[in-house]
Amino acid sequence: MSGTSVSPVASKGLENPLLKANPLLKAWQTPFETPPFDEIKPEHFMPAFEQAFFDHSAEIAAIVNDPAVPDFANTITALERSGKLLSRVASVFYDLVSAHSNPAILEIDKDVSSRMARHWNPIMMNAVLFGRIVALHDRRAELGLTTEQMRLLERTYTRFHRSGAGLDEDAKARMAEINERLAHLGTTFSHHLLGDEQEWFMELGEGDLDGLAESFVASARASADERGMTGKAIITTSRSSMEPFLKSAARRDLREKAYKAFIQRGNNGNANDNNDTIVEILKLREETAKILGFPTFAAYRLEDSMAKTPEAVRGLLERVWKPARARALADRDALQELIAEEGGNFKLAAWDWRYYAEKLRQRRANFDDAAIKPYLTLDNMIAAQFDTATRLFGITFAERKDIPVWHPDVRVWEVKDASGALKAIFYGDYFARPSKRSGAWMTSLRDQQKLDGDVAPLVLNICNFAKGTDGQPSLLSPDDARTLFHEFGHGLHGMLSNVTYPSLSGTSVFTDFVELPSQLYEHWQEQPQVLQTFARHYQTGEPLPDDLLKRFIAARKFNQGFATVEFVSSALIDLEFHTQPASASADVAAFEKKELEKIGMPEEIALRHRPTQFGHIFSGDHYASGYYSYMWSEVMDADAFGAFEEAGNIFDPAVAKRLHDDIYSSGGSVDPEAAYIAFRGRAPAPDALLRRRGLLEEPEAA
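Mapping to our numbering: the sequence shown position 390 is 390, numbers consecutive.
Calculated directly from the structure, the hints in this document are not laboratory data. It is possible that part of the hints are untrue.
[To be verified] For each label pair, taking beta carbons as the anchor points, the in silico distance ranges come out as:
hint, residue 1, residue 2, range
1, Ala21, Ala58, 21 to 31 Å
2, Lys232, Ala678, 48 to 58 Å
3, Lys401, Ala683, 44 to 54 Å
4, Ala173, Asp304, 21 to 31 Å
5, Pro653, Phe346, 53 to 63 Å
[As the list claims (entries may be wrong)] Pairs of lysine-lysine, PhoX-like flavour, derived with a Cα cap of 25 Å:
hint, residue 1, residue 2
6, Lys347, Lys260
7, Lys557, Lys322
8, Lys283, Lys594
9, Lys373, Lys557
10, Lys359, Lys550
11, Lys41, Lys110
12, Lys260, Lys232
13, Lys359, Lys260
14, Lys257, Lys232
15, Lys20, Lys41
16, Lys416, Lys401
17, Lys373, Lys232
18, Lys373, Lys359
No experiment lies behind these values; they were computed from the predicted model shown. Yeah, the Cβ is synthetic: ideal placement off N, Cα and C, and Gly gets one too.
All chains should be modelled from the sequences, with the hints used to inform the complete structure.
Here it is as structure tokens:
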């Protein structure tokens, strides 16, 4: 609902000389008017937020008090123009909170999260403002609106209605209290998780390196350097550190220690414990749903999605769960046989799965990640993602060294379209560090819009790859390379956006559609013609050998039972948290155990995200009841890539143009189902997902 701009809103507050000197409030004299990160300090944020709240409130008051009859320009367009300063201050702040925090920033975050809710509540529940929107919505057919304007009016009406703008005053007051408390709890959850991740590491002595690749040890030394432990080697709870360790470390006792630390984040009974936070979040979400007239929070959230109902989500997840579980059980028995064959006198445990799965993959597919990692340098995979975008969409990338960044590791590129005009600025922040939360994500510092002239977006990709050291580049696992392309797919959704109104820009789409552009883009990373060009050995420069490439492609469907069970179980837990009464999950661990027993979860596999570390659904509510979205989108992305395969060319110009026009550039200006059908010519075929994962045929029961 808020736009973005680099020019501060004039107001009496800026007469204060201290505010005039604040870099967040001045016009930015930087290339492309990008944020001056080299000037911004923690103490600048609260005064900037105060000014931004003041300006935005004044803008909203002007709309509410406008004596003119409501029309699209004086209500909807005015809303789109409001909040520019707040948007730019918040985008810079939340980038630092996630990607390069410090104690001062995190302390401010505790206050800002509540203040933000307190600011937005009276706006989103303003009866007069909503009345203006309703008046327009009621006679929308008479207004002569463009397709995009009609979509914006509908989305604005829906957003206010779902925020409680039509409730009575008592209900609004309670909703405001709940929103503020939920904002505080979401921040608390993420701070607790970051705290546990910052506190835990495991030092590796010389006798602990058996099975670990040289590249991994180099990364472990780089991680130690980041924590001021020069000369040491450590693993952390970052997934890019933990996953390869669990796959390769020969020391079973160390695998167990590391694995247990990984799955216990937020669940250690210490100051960072998230159990009580989860319980309160679920109670308040349930109360929100009831106030708004829904039986459950899931019913409330899913009404405004492609899926529409919890039943539709459960139907998809259960359709995938059955063959995935059967495959995982068959693989479990094969792993147990391998342990016995090696003389191991122990039962396969969760910390053994990845290690023995790698051994089994080497035997069945003659492939292991360590063989291909030397060919997957980060720089070459970045070049591959750029080249793919150039061949598909005609955009080009030129690195810039003159744009301020929040950390020395951050790289920046100027993005131009086929005509040579500026399309976007793209930031890449790729390496793990203690000041960054775990995971990988895309966000923006400024969104594309054309409401008041062309505004080029500032798009960010944040990852947590292991950094190279001693002259060795950062080497990616196949999963890391896929993550790189995934986040860049989100990035392209932001960079290629071509809409007028900021609320419809880029990734402003339903949660279960937003993963389509990202997951679809992953397909190109694994294409032979991409790997043959860009997968080169970091020492010799030799291209990926044809034999290794064939084995890599053949091995892609290996261990998909495990991967799918790990994901679908998390999505089902999310759904159960938000469809069952909140009282059912008063004991979070007991609830988790009960639900996993109900679906027959193999005890050797843990949830991809256990509740106390499930930031997707508890560090805010964007994916609450929505973690299934990755799989919902995968139904579409597996089917969508088929359009290129059917054309016989993965860079087919006609298919790429439809992909650009109907998916990547349209943002939220078109209903997602209509957008997909416009691209593909039909609705997606669900079996494409099972086929991609190698699960279409159920294995014989073990």
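Now for the hints, and whether the structure bears them out:
no. : hint                        : result
1   : Ala21 / Ala58: 21 to 31 Å   : holds, 22 Å
2   : Lys232 / Ala678: 48 to 58 Å : holds, 55 Å
3   : Lys401 / Ala683: 44 to 54 Å : holds, 47 Å
4   : Ala173 / Asp304: 21 to 31 Å : holds, 24 Å
5   : Pro653 / Phe346: 53 to 63 Å : holds, 56 Å
6   : Lys347 / Lys260             : holds, 17 Å
7   : Lys557 / Lys322             : holds, 17 Å
8   : Lys283 / Lys594             : holds, 19 Å
9   : Lys373 / Lys557             : holds, 18 Å
10  : Lys359 / Lys550             : holds, 18 Å
11  : Lys41 / Lys110              : holds, 17 Å
12  : Lys260 / Lys232             : holds, 22 Å
13  : Lys359 / Lys260             : holds, 22 Å
14  : Lys257 / Lys232             : holds, 19 Å
15  : Lys20 / Lys41               : holds, 15 Å
16  : Lys416 / Lys401             : holds, 16 Å
17  : Lys373 / Lys232             : holds, 23 Å
18  : Lys373 / Lys359             : holds, 16 Å
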